[in-house]
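There are 2 protein chains.
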Amino acid sequence: MRRWNGWGDDNFTMALPDQGHAFLADRIGTSPALPDVSLSTVCDSVPPSRLPADSDAAPLIDCSPEARVRHARGQSLADWLAMRSGNIGVFPDGVARPRNSRDVQKLLRFAKRHSLQLIPYGGGTSVAGHINPVKADNPVLTVDMSDMNRLTDLNRESQIATFGAGTPGPLVESQLRAHGYTLGHYPQSFELSTIGGWVASRSSGQQSLRYGRIEQLFAGGSIETLQGTWDLPTFPASSAGPDLREFILGSEGRLGLITEVKVRISRLPEQESFHVFFFPDWEQARTACRKLVQNRTQLSMLRLSNGAETETQLALAGHPRLIGLLESFLSLRGAGSGKCMMTFGLTGSRHQCKAAVKEVRQICSEYKGVYTGTRLGKKWAEKRFTMPYLREALWKMGYAVDTLETATDWDNVDNLLELIEKNLRDGLKDKNESTHVFTHLSHFYGQGCSIYTTYVFRVADTYEETLSRWRSLKNTTSELIVQNGGTISHQHGVGKDHAPFLPVEKGELGMLAIRSLCATFDPDALLNPKTLVE
Amino acid sequence: MRRWNGWGDDNFTMALPDQGHAFLADRIGTSPALPDVSLSTVCDSVPPSRLPADSDAAPLIDCSPEARVRHARGQSLADWLAMRSGNIGVFPDGVARPRNSRDVQKLLRFAKRHSLQLIPYGGGTSVAGHINPVKADNPVLTVDMSDMNRLTDLNRESQIATFGAGTPGPLVESQLRAHGYTLGHYPQSFELSTIGGWVASRSSGQQSLRYGRIEQLFAGGSIETLQGTWDLPTFPASSAGPDLREFILGSEGRLGLITEVKVRISRLPEQESFHVFFFPDWEQARTACRKLVQNRTQLSMLRLSNGAETETQLALAGHPRLIGLLESFLSLRGAGSGKCMMTFGLTGSRHQCKAAVKEVRQICSEYKGVYTGTRLGKKWAEKRFTMPYLREALWKMGYAVDTLETATDWDNVDNLLELIEKNLRDGLKDKNESTHVFTHLSHFYGQGCSIYTTYVFRVADTYEETLSRWRSLKNTTSELIVQNGGTISHQHGVGKDHAPFLPVEKGELGMLAIRSLCATFDPDALLNPKTLVE
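Protein chains in written order, with this note's numbering: chain Y, 1 to 534; chain C, 535 to 1068.
Bound conformation, chain Y alone (with noise of 0.2 angstroms):
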C-alpha cells in the first residue's frame, strides 16, 4: 500500500550500506530520529468536513478522515516534516474522484454555486507545494484524478497517444508498450506522477535529450475551465498567433482542470545502453558535456557529478572491494581525487548509437575523460527511480534529505553552482551545524543546464527547529538563485513554496500577463489559490 507519511509502496524499502551511514557520519555526525505519529492520530485530529452535503456532486466526494489526510500534503522536506509529526496544518474537506470529464464539470459547477477552493491532485508528488490547501474561509476540494487512467486513442501513423490526465508513469508506459510505443518521459516521480501533473507543472525527464520536455511531448487535449470546456486541438506545428498549449503548461490548476492529454509518442527503440564515463576535475568534465549537447550528439539522457557527488555516490553504494578497485583503476588513468562522473544513455536506431558512441568517445577523449563501460549505467538505470525511498532510510537514521534545482544558461553554471552549494554549506553554521552538499547538472541544452543539488542536515531536536532550519536553508538559496541568474525551477514548478520568488524571474509585466490570464478564467481565485502566483 502506498506510504501515507513518504514515498511509494510501504513494502519497499532501500538500506543505506553500513559504509555509507560511516560516510555521513563522518561529514555532519549523527543524531537521533524524530518519532512519526501514526496515521491513526492524525485521523483523529481531522476537523469536520465544511463541505456542503445537498449536491449531485456528494456521490463522488470522500470525506472520511483518511483520505483527507493522505491529500493533505506532497512530498516537499516541509511536507515530510508535517506527517511526520502529524502538525499538518489544513486538511482539504474533501477528496473527490471523478470518472470523466463530466464528472469534472459537475465539480466545478459545484465549487461555483459553493464558492469552494478546487485543487487537482495527481500523483500528490510535488515538491513545491501544489497540492496544500491554504487556510481560508471557504472549503476546499480536492480532486484526485487516478480514476482517469487509461490510454483511449492510439493514432500509430501520427504517433500520437490520448490519456486520462490521472494516468501515472507506469501505466503509461505500460498501456504504450503493449503496442510498441514508448513515450520516454522519466522524471524520478515516475512511479507516482501522472501525465497531467507533467503538463501542469512542465515537468521533465531523465531521457529528455532524445524524448524532450514535456513541452515537446504534449500535443494538445481537454481542460475543464469555470468558463467551459477548452479543447486544445493536435498540429505539428503551427505559427497562428500565441501557442495555446504554453498557457496550459505549466499552468498548475490555476486555469483549469487539466483532463484528457495527448502526446507525441515514439516506436520502442532498436538499441538502449547506459554507460559511465570519469574526469580528473570538473573544468575538463563541464566542458566535455557542454561541447556533447552543443555539438548535437544524439544522446538520450546525461548526467554529471561534480566532485562532491561523485564521491558521496561511490561511499554510498556499498560494495567497498569493487569500487576501490575502480577508484585505484581510475587513479592511474588520471582520475584521483575530485573525478567526476558522467553517465550518459544511448538509445535510437544501429547507427545512430553507433554514430553518437564515436563523437562521445573523441570528445571526452579530448578532455582526458576515462571509459568505463556499462555496469555503472546499469546501475543507474536499476535506481532510476528508486532514490526517493533512499530519503526514507535516511530519516529513520535522523537525517533530513532535500533538493534544490534550477537551470541557468553556460556561462552562469560554475559561478550559481558554487555559490547555491556555499549557501547551503554554510546555512546551518550559527546553529553549529554542517550540511553536507553535492550537485549534479542533469539536462542538457546548448544554452545551459539544469543544476541540482542534493543538501543532507542531522534532524534537529524538535520537529519545529528542523522544520526552522530547512525554510532557513530552502529560501534563503532559493532567493540566491532567482538574484543569480537561475529559474526558480527547471523541473518541480511553482507550487505555493516557490511562487514568493517568481516575480524576480518574470518580471513586473510578465507577473501581469500570467494574473490577467488567471483573472479570465477565474475571476473568483476558486482554481488552486496561492499557487503559482500568490
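The hints are simulated quantities; they were obtained by calculation from the structure and are not laboratory data. Certain hints may be false.
[What the hints assert, rightly or not] Heads up, simulated SDA-like pairs for lysine to any residue below, C-alpha to C-alpha not over 20 angstroms straight-line:
1. C/LYS917 - C/LEU705
2. C/LYS892 - Y/ARG350
3. Y/LYS291 - C/GLU691
4. Y/LYS135 - Y/ALA499
5. C/LYS825 - Y/GLY180
6. C/LYS888 - Y/GLN294
7. C/LYS825 - Y/ARG156
8. Y/LYS291 - C/ARG744
9. C/LYS892 - Y/VAL357
10. Y/LYS354 - C/GLU691
11. Y/LYS354 - C/ARG830
12. Y/LYS429 - Y/SER472
13. C/LYS825 - Y/SER349
14. C/LYS892 - Y/ARG296
15. C/LYS825 - Y/LEU268
16. C/LYS888 - Y/ARG350
17. C/LYS825 - Y/HIS179
18. Y/LYS291 - C/ARG690
19. C/LYS892 - Y/GLU270
20. C/LYS892 - Y/GLY307
21. Y/LYS135 - Y/ARG50
22. Y/LYS354 - C/ILE897
23. C/LYS825 - Y/PRO269
24. C/LYS825 - Y/ARG210
25. C/LYS825 - Y/SER266
Starting from the structure of chain Y, add chain C where the hints point.
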C-alpha cells in the same frame, strides 16, 4: 534598390525558360499582363498625413509620400494587385525609424498621447496582411525597425547572440559567420525578413529539422509595451509557470514592439550537403519521409514534392536535354510518370552525416527511392531564396501566383492535401478558368508535416476581377483548411488575412485567452489593430 511594388532588389530578375512558358500555356492558357502604375503616380495619390507635428517624436518620423507608399503593403497577392494597380487604399500617415529602445518608448508615448495606431514593420514581407494599415479615424504610424540591425552581444559559451529586432536574415548570418557561428534560420523571405519579424510571426526556416523553428531559437529579449519595458531573461529551460516567450512569439505586434532578440546559435557545421531522391509514387514517397522523421534521422532539411510539383519543377527548370536524360534514367529505375522528388539536407559532424545518410538510403530503398546524388540538391540550395523573383517573371507574362500553407497530423495529410488542391483546381471553373496547382511537404515532425501548395492562374481583364478571383480561392481554401484539421498557418502567421479563420482553430476559450492578453497590454487597441484578432 528595393522594388517598391514587388519582391527584392530591382537589379535582380529571373526569367522563365521557354519550356516553362509552354508548359503553363498548355495547362492554363495565356493572357496579356495587366499594366503596372508608376511609383510617382501612386505618390501623387497619397493624402496629407494626419500625424500631429508638434512632438518630440517628430524627428524620427518620415511623412514623405514615397516612404508612406513603400510601407503600405506587404507581399501577399492582394498586396501585389494593390501596388500594381495603384489601388492601395490606406497609407500609414508616417514612417518612424527608431535607432534604439528609447526611441521606441518615445514613439509609444506619442501614440498613447494622440491615440495613434502603431504598426511594427520589419522587412515588409508579410503575406498575410500583418503590416497593412486599416481604415480608421485615428492616424497610423508605421515603425520601421530597420535601423536596429546590429549584433550587440555574442555569448560564445552559452551560444546566445543578441540582435536588434530589425536585423534582416543576411545581416544576422554575416555578423554571426564572422565569428564562426550560424543561426541557421532560413525562411524563403530570408533576404528581407527580420529577426524581430520572425519572432512576432512564429516563422520557420528551411533547415528547421536541425536548427528548430524560431520558437526553439528565440531565447529571450525585450519588448516595449504601453505598460513599460518587458524583458524576457534567458534560461535554457524552466518549469516556472507558463513560458512567457511563447506569449510574445506570434503576438504580431499586439502586445508591444520587439526591440531586442536573443537567439540560440550554433557553431558553423563541419559538413553540409543537399541530395535528391525520386520515388515512383506519392504513397511510397510520403511514407519514406514520415519514417525518416519518426526515426529521428539527423537531417537538416527535407522537402517532398508531389507528382504535380515534380513535373512542374522539371518543366520550369529549362535544360530540356539534361532533364530528358534524367527522366529516362528514373523511368528505367521505376520512377516514371507520377514520380515524386525528395530533397534532403545533411548538416553536422562527419559522424552525424555519415550515420544519417546510411539511414536515409536504407529507409528510402524500402520505398523504392532512386538516389540521384547532390547535383539537384545543389541547385535547390542555390535557388532557395530566389523563388519570389520568379513570381515577378510570371506576373510579366500575365500569370498570378500565390501559395497557401498549413500543417496537420500525418493521418490527415493526404486528405487535407487533396481537399486543398481540388478546391484550388476547381475554384475558377465557374469563370471557365483553369488553375495550375502543385504541392510540397516541407517541414516535418514526428506527428505530421506542413503542406505548401502553389497555384497559378491567368490574370483577368481587370485588377478588380483578378483580385476577386484570388479572394474567392484564398478564402474558400482557408475555410476548408481550418474545418478539416489544418492550422491556418504553419509559417506565415495570422495577420489580417487569416484573422477571420483563427477562432475555428483556437476555439472560444483560446480566443478569450488571446483577447484578454491583448486587452491587458493594449486596452485601447492602438497596437497593430485587426491583426491576429479581428
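Inset, instruction - Assess, step by step, whether the Cα of C/LYS825 is no farther than 20 angstroms from the Cα of Y/GLY180, and give holds or violated. - result: Measuring from Cα to Cα gives roughly 15 angstroms; hence the hint holds.
Legend entry - Restraint check for Y/LYS354 with C/ILE897, where alpha carbons must lie at most 20 angstroms apart: OK: Y/LYS354 and C/ILE897 at ~17 angstroms, within 20 angstroms.
Inset, instruction - Assess, step by step, whether the Cα of C/LYS888 is no farther than 20 angstroms from the Cα of Y/ARG350, and give holds or violated. - result: holds (13 angstroms)
Inset, instruction - Given the hint that Y/LYS354 pairs with C/ARG830, test it: the Cα-Cα distance must not exceed 20 angstroms. - result: holds (14 angstroms)
Inset, instruction - Given the hint that C/LYS892 pairs with Y/GLU270, test it: the Cα-Cα distance must not exceed 20 angstroms. - result: Status holds; Cα separation ~16 angstroms.
Inset, instruction - Could you grab the alpha-carbon distance between C/LYS825 and Y/HIS179 and see if it respects the 20 angstroms cut-off? - result: Distance ~17 angstroms between C/LYS825 and Y/HIS179 Cα, so the pair holds.
Legend entry - Straight-line alpha-carbon gap Y/LYS291 to C/ARG744, limit 20 angstroms: holds (17 angstroms)
Inset, instruction - Could you grab the alpha-carbon distance between C/LYS888 and Y/GLN294 and see if it respects the 20 angstroms cut-off? - result: holds (19 angstroms)
Inset, instruction - Could you grab the alpha-carbon distance between C/LYS825 and Y/ARG210 and see if it respects the 20 angstroms cut-off? - result: Distance ~17 angstroms between C/LYS825 and Y/ARG210 Cα, so the pair holds.
Inset, instruction - Take a quick look at whether C/LYS825 and Y/SER349 sit within 20 angstroms of each other, Cα to Cα. - result: With Cα atoms ~12 angstroms apart, C/LYS825 and Y/SER349 stay inside 20 angstroms; holds.
Legend entry - Hint consistency between Y/LYS354 and C/GLU691 [alpha-carbon to alpha-carbon, up to 20 angstroms]: Roughly 28 angstroms separates the two Cα atoms, so the pair is violated.
Inset, instruction - Compare the distance between the alpha carbons of Y/LYS135 and Y/ARG50 with 20 angstroms, and conclude whether the hinted pair is satisfied. - result: holds (13 angstroms)
In summary, the numbered hints that this structure violates are 10, 20.
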